[in-house]
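**Q** Chains as they are written, first to last, in the numbering used here: chain A, 1 to 167; chain B, 168 to 934.
One thing to keep in mind: the hints can contain errors.
Cut-off 25 Å, straight-line C-alpha distance, at most; resulting in silico cross-link-like pairs (DMTMM-like, lysine to aspartate or glutamate) [to be verified]:
#, chain 1, residue 1, chain 2, residue 2
1, B, Lys180, A, Glu154
2, B, Lys185, A, Asp91
3, A, Lys126, A, Asp62
4, B, Lys194, A, Asp103
5, B, Lys864, A, Glu133
If we take Cβ atoms under 8 Å as the criterion, some of the chain B residues that face chain A in the derived model are [what the hints assert, rightly or not]:
#, residue
6, Arg184
7, Ile190
8, Gln192
9, Thr195
10, Leu366
11, Glu369
12, Asn414
13, Gly417
14, Thr448
15, Gly667
16, Asn668
17, Ala835
18, Trp865
19, Asn869
Some chain A residues well away from chain B (every beta-carbon gap over 12 Å; in silico) [unchecked claim]:
#, residue
20, Asn7
21, Asp75
22, Ser158
Everything labelled a hint here was simulated from the structure, so no lab data went into it. Positions of the beta carbon are idealized from the N, C-alpha and C atoms, including for glycine.
Here are the chains, one letter per residue:
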Amino acid sequence: MKTTLVNFFVNGKEYTLSVGNLFGQLLPNEVLVDTLRNRFGLTGTKIACKDGACGCCTVLIDGEAVPSCEVLTVDCEGKHIVTIEGLAAPDGTLDPVQQAFVDYYAFQCGFCTPGIIMATKALLNKNPRPTREQIQDALSGNFCRCISHYHVLEAVESLVKKGEQPA
Amino acid sequence: MIKSKHDYKYVGKQTVRKDAYGIVQGKTQFFDDFVMPNILIGKVKQCPYPHANILSIDTSKALTLEGVHAVITYKDCDPNWKFGWPPQKSVLGTRMRFVGDAVALVAAETEELAKEAIDLIEVNYEVLEPVFDVLEAQKEGAPQLYDEFPNNIVPGGYEVMQPSGRWWHLKKGDVENGFAECAIIEEDTIGFDKKPGTLSPEPPGLIIQWEGGTDYHVWGTTQGIMVLQLVNATVIPGVHIEATAFNVGGSYGNKTTLTNITIYGMLLAKATNRPIKMNETKVEQMVMHETRLGSTVQAKIGMDKEGVVRSVKALWSVDAGHFCNAIQGQVSVGLGEAQLIMCKCPNWDLDTRIITTNKLTAGTVRGYGGQELNSCLSLLMARAMRKGNFDPVDSFRKNYCQAGDKYFWRDGREWTARSVDYNDAILATAEKFRWKDRWKGWGIPSWVSEDGKKVRGVGCSVIGNSDAGESFAEAYVRIIPDMFKDEARVMVHINVTEIGNGQKSNLLKMVAEILNVPLEAVQTIPPDSRTSPRNEGLAGSRGTLTCGRAVSNAALDLRRQLFEAAEYKLRYPQEQMEMFNFGVRAKSKPELWVPVTKLVPDHHLTMTGYGRHDEDFGTPNFFMSFIEAEVDLETGMTKVIDMLGGTDVGQIIDPGSLEMQCQGGIGAASLDTALFEENFVDPVIGRPLTYDMIQYKWRPFNELPNFDTCILESQFDTNYFRAIGVGEISGAAAASACMMAISNAIGTEIKDYPATPDVILKALGKI
Numbered sequence: 001m002k003t004t005l006v007n008f009f010v011n012g013k014e015y016t017l018s019v020g021n022l023f024g025q026l027l028p029n030e031v032l033v034d035t036l037r038n039r040f041g042l043t044g045t046k047i048a049c050k051d052g053a054c055g056c057c058t059v060l061i062d063g064e065a066v067p068s069c070e071v072l073t074v075d076c077e078g079k080h081i082v083t084i085e086g087l088a089a090p091d092g093t094l095d096p097v098q099q100a101f102v103d104y105y106a107f108q109c110g111f112c113t114p115g116i117i118m119a120t121k122a123l124l125n126k127n128p129r130p131t132r133e134q135i136q137d138a139l140s141g142n143f144c145r146c147i148s149h150y151h152v153l154e155a156v157e158s159l160v161k162k163g164e165q166p167a
Numbered sequence: 168m169i170k171s172k173h174d175y176k177y178v179g180k181q182t183v184r185k186d187a188y189g190i191v192q193g194k195t196q197f198f199d200d201f202v203m204p205n206i207l208i209g210k211v212k213q214c215p216y217p218h219a220n221i222l223s224i225d226t227s228k229a230l231t232l233e234g235v236h237a238v239i240t241y242k243d244c245d246p247n248w249k250f251g252w253p254p255q256k257s258v259l260g261t262r263m264r265f266v267g268d269a270v271a272l273v274a275a276e277t278e279e280l281a282k283e284a285i286d287l288i289e290v291n292y293e294v295l296e297p298v299f300d301v302l303e304a305q306k307e308g309a310p311q312l313y314d315e316f317p318n319n320i321v322p323g324g325y326e327v328m329q330p331s332g333r334w335w336h337l338k339k340g341d342v343e344n345g346f347a348e349c350a351i352i353e354e355d356t357i358g359f360d361k362k363p364g365t366l367s368p369e370p371p372g373l374i375i376q377w378e379g380g381t382d383y384h385v386w387g388t389t390q391g392i393m394v395l396q397l398v399n400a401t402v403i404p405g406v407h408i409e410a411t412a413f414n415v416g417g418s419y420g421n422k423t424t425l426t427n428i429t430i431y432g433m434l435l436a437k438a439t440n441r442p443i444k445m446n447e448t449k450v451e452q453m454v455m456h457e458t459r460l461g462s463t464v465q466a467k468i469g470m471d472k473e474g475v476v477r478s479v480k481a482l483w484s485v486d487a488g489h490f491c492n493a494i495q496g497q498v499s500v501g502l503g504e505a506q507l508i509m510c511k512c513p514n515w516d517l518d519t520r521i522i523t524t525n526k527l528t529a530g531t532v533r534g535y536g537g538q539e540l541n542s543c544l545s546l547l548m549a550r551a552m553r554k555g556n557f558d559p560v561d562s563f564r565k566n567y568c569q570a571g572d573k574y575f576w577r578d579g580r581e582w583t584a585r586s587v588d589y590n591d592a593i594l595a596t597a598e599k600f601r602w603k604d605r606w607k608g609w610g611i612p613s614w615v616s617e618d619g620k621k622v623r624g625v626g627c628s629v630i631g632n633s634d635a636g637e638s639f640a641e642a643y644v645r646i647i648p649d650m651f652k653d654e655a656r657v658m659v660h661i662n663v664t665e666i667g668n669g670q671k672s673n674l675l676k677m678v679a680e681i682l683n684v685p686l687e688a689v690q691t692i693p694p695d696s697r698t699s700p701r702n703e704g705l706a707g708s709r710g711t712l713t714c715g716r717a718v719s720n721a722a723l724d725l726r727r728q729l730f731e732a733a734e735y736k737l738r739y740p741q742e743q744m745e746m747f748n749f750g751v752r753a754k755s756k757p758e759l760w761v762p763v764t765k766l767v768p769d770h771h772l773t774m775t776g777y778g779r780h781d782e783d784f785g786t787p788n789f790f791m792s793f794i795e796a797e798v799d800l801e802t803g804m805t806k807v808i809d810m811l812g813g814t815d816v817g818q819i820i821d822p823g824s825l826e827m828q829c830q831g832g833i834g835a836a837s838l839d840t841a842l843f844e845e846n847f848v849d850p851v852i853g854r855p856l857t858y859d860m861i862q863y864k865w866r867p868f869n870e871l872p873n874f875d876t877c878i879l880e881s882q883f884d885t886n887y888f889r890a891i892g893v894g895e896i897s898g899a900a901a902a903s904a905c906m907m908a909i910s911n912a913i914g915t916e917i918k919d920y921p922a923t924p925d926v927i928l929k930a931l932g933k934i
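Based on the provided sequences and hints, a complete structural model is requested.
**A** Here it is as structure tokens:
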């Protein structure tokens, strides 16, 4: 029997999964957020709406901010995926975006925060000098009900002012 | 800009929240990140009709699916097990009362299997006529939801909330004489009845395990472990529930009791003897979980020629949805909050009725009754101000509670306010908003675009809550000496869950301050009913005052014990000692120092202080909202341009978390209940139309208004740090302030929440 494999990278580590309906295999209809959380234990990526509407499950796929609930894992062949767990340096040094979120107290309950940080990361990767309006637009797909928005904007703007470049 | 008056080391200063590094790295554990072996997935088969009887049900096909471990229906459930206060709705019955009501419960190896089993359950229904409106529901001949509640009226008050006797009707003075003395009388029916959802990002969920006999353990998303125990342990007689919580991904008061999934999970856990995970999807959260109360208020308000309310007669009909789950508490707090904003009024006849309808059940939500009632009463109050041409800032200030004023609170007892005075806060907030410049008078826009198509108006409103001192709280503070150095750690035992407001960290700041130890050395235990002393949690407005007092008193008690022990070692009077460098020293002879390691028994054991807060409704908090709204006269669209929130918190504990608590008043069904938030229910078939985050409208990052705060620190006589906080009320007055701003912008009063474009265009006579 021919086995279909899907091969991709998560936070720099290569994974190869066998696709099928047998126990333990990657189901053809499995979405990336479930793979990340249930197979790899990367629970920093959160599940909320599973409709692509809230941004809580945002990860980077080849540098783009994508809601991982809307991506089939079988479609990730060859992709480079970065989750919130992949941002900090191996020695524990936080990514500048994470550090800015700490410094500017840019979260409340924190459930939506990983998604907002990943969306910010994607924005700054593409545009290190966004205007406030561009930041707001880039984060408009990220739901936050505690209203941490103001502090998030301060945090992101602090990076723009510092001229931090993406890693 | 928020500034602290006192020069504490931690209190009043911005510090990094204890869980900050975990949150930004995705390491903080939320409920769904917690795993247990051997779990089964629990799911609910939902009724598709708003009102129906189950005529027959066949679960045989579902039970044949491999991996399905239990299917439970009313046939398997003791009919005496009932939800609600008073017990009313069978946990699993034959009568279905809303679209989404539980027909059957399934436990299976996977979610997919559970869903497949649900589809295989065959049900025949007798469809009944529903009722969705509280006024219709009270009429003779209206569909009846419960035989024991004629006209769908639930008995008012409840003993748990009012130990001196059930209380739901505020009667005071003589309203008719009061009206006779009033210069202005306004009367109308106003609804705040769209039952918006709180929409926490993290859906409600829990794992429940049967531990033998009548014992169960819950691991869940609850905001308040004790409230979950209190409400749910009454549903199944004799049951004992212990609970563990995690960081909560947004609750806004709404993930506290978790009633349905707790009880359903208990049934499945016992039936299967396996842990059951009941984790709602977002759609399930939006169509099965609790909403804000629906409110319809038929009210008459009389105001004197000075703009002071002198008489109130009203009937507040509360839409509970399909059953009443502890709503009596919200109703009685609502009565209290109405008095705070009209605290000079001597004459009251404010009656309440909790009504069941065939809608989603209402539950606890930030604002807790007061927001719902006052969003209605404030509009009528504003109409009276308008008639008398009173400046609303002056009028609100004259009416709001001050020290010495009396009011009845949730417990049905009369309280006298002490220490608090918000006059300065009102004036300072108004000044910061530049009210005198921007307020042009009633019905007059503050700005008109050159083409005349856009207009702006300003509005304001106030709110307050004596629940700042609600219920008891106790805490232990334990000092744990290092085994090898003259240092120590401090462990704070208090039953609080971090829900996003940073209060858990703030409590640790208080302890670090009193014990004069580095904040890094102070930790707290995870919220767990087995290891924590009793406390209702950081619900409502009660965190700063109640939990703050409990931990402060516990730290003071510990410090006293350390001083007592040091007296023998240092041979120095206790009253002249201070904490220093993980030890105790003499204030005037710093060289006299003894480390904690030498003060605790046997050098290695620990020492524990105990602290308590006793219920005290005598110090209400306060919040005032100012808003400038812009209305497009052609489209009817409204945009909030500018928003300012003001209060006096006594003492700031943490500027950042306080500011965000104020900003949080925009979210969680607060400001936007005046603009676009509502739960749509199809009026014919009763099905929710706003069932996911695409259909339900919420405010994204690129639609934020300017927001500022004005915070005073008057050092109230409340707790050790003289703090009272702001709590849940930060957004509670925003909706009525927004309605006033819109009315002033367009020159015509509007009263229909939310003021969507059709409401505004109708008011303008354009449709």
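**Q** Hint by hint, where does the structure go against what was stated? Just the numbers, ascending.
**A** none
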